[in-house]
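Guided by the hints, dock chain B onto chain A, whose structure is given.
So the protein lines, in turn, are chains A and B. Going left to right, the first sequence walks through residues 1 to 177 as my numbering numbers them. Going left to right, the second sequence walks through residues 1001 to 1125 as my numbering numbers them.
If you are wondering where the hints come from, they were derived from the structure by calculation, not from laboratory data. Warning: the hint list may mix true and false statements.
Claimed, not checked - Which chain B residues face chain A? A few, computed with CB under 7 Å, are given here:
1) 1006
2) 1018
3) 1024
4) 1039
5) 1042
6) 1046
Nothing here was measured: the structure is a model prediction, and the numbers come from that model. Glycine included, every Cβ here is placed at the ideal spot set by N, Cα and C.
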Amino acid sequence: MKTKKLTFCAILVALALCMSLLERFLPLTYLFPLPGIKLGLSNLVTLFALYFLGFPYACAILVIRCVLGSIFAGSLTSLAYSLTGGILSILVSFLAMKLNLFSVYGVSLLGACAHSIGQVIAASVLLGSISPFGYLPLLLCVSFITGLVIGSVSSLLLRNLSGIPAFAFSNQEDSNS
Amino acid sequence: MNKAYRFRKGDLFAVAIALALIAASFLIFFQPEKTEPANVEIYQNGRLLYTFSLYESRTIHIGGDYENTIVIENASVRIASSTCPGQDCVHTGGIHSSGQNLICLPNRLEIRLTGSSDDIDIISR
Chain A
1 MKTKKLTFCA
11 ILVALALCMS
21 LLERFLPLTY
31 LFPLPGIKLG
41 LSNLVTLFAL
51 YFLGFPYACA
61 ILVIRCVLGS
71 IFAGSLTSLA
81 YSLTGGILSI
91 LVSFLAMKLN
101 LFSVYGVSLL
111 GACAHSIGQV
121 IAASVLLGSI
131 SPFGYLPLLL
141 CVSFITGLVI
151 GSVSSLLLRN
161 LSGIPAFAFS
171 NQEDSNS
Chain B
1001 MNKAYRFRKG
1011 DLFAVAIALA
1021 LIAASFLIFF
1031 QPEKTEPANV
1041 EIYQNGRLLY
1051 TFSLYESRTI
1061 HIGGDYENTI
1071 VIENASVRIA
1081 SSTCPGQDCV
1091 HTGGIHSSGQ
1101 NLICLPNRLE
1111 IRLTGSSDDI
1121 DIISR
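Next comes chain A alone, as it looks inside the complex:
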């Protein structure tokens, strides 16, 4: 079981990397001329991992994805940025998931907002100035939309994959059967 999970994690990392690469071709920065705007497609992978594999695996996928992503197409600063945003986002998503109040829509939305806040904090620290916070209102507005969009796509994805035995990894589900 563990080998299966590990292999699956590797595939998910590859998938998330492809998604962040694909995202570069989406001209979201032309629509909203702000640094750091993106759709957050790879958050689909994070959400899937959170629900199907569990928090430790989702964290591992996120960190490896950020590190490899910045090696392939980025810099050390982009790593600091995506890692801070990503970690804050996954923590908030995990807590929101555990609350048993929200569906994947709410989890995705709160995670997206947390990502923006994390990004802005990282940018402020790197820059040694608080002016990146000036971007926060608009970043949050965009996160609101992208969070709900990714939430609805995740909802579709999770609903369709939940019945398939090949995707039944999680320990809770093992003990249920």
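Frame of chain A; chain B shown alone:
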């Protein structure tokens, strides 16, 4: 578990939280200044490097980890080119009212437009 995959009433709560965050951030951080823009301040690593007038056209090259070319013309500032991988600063375009700023994070570069009098600038310390 399955109900966690469909939109629930509880999600409205998440929407409310997000909207509250947006409202709060607008109230705290979105304060356009009404003064006429006058100076272009260029910072790197949090230190002020240059101050130029917005109304004199010029091109400035900034080194560092990457290279930025800053163009001041027609009472607006933009980063015309950058050797950084993201190019976000170039996509941001020009800024022309005071309180606005341009950031090239990979090069730790920040360009602020400030009004004529220093005490009006709320951002600088």
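Going down the list of hints, with the structure as the test:
no., hint, verdict
1, 1006, "holds, 6 Å"
2, 1018, "holds, 5 Å"
3, 1024, "violated, 9 Å"
4, 1039, "violated, 15 Å"
5, 1042, "violated, 12 Å"
6, 1046, "holds, 3 Å"
The structure fails to meet hints 3, 4, 5 from the earlier list, while all remaining hints are met.
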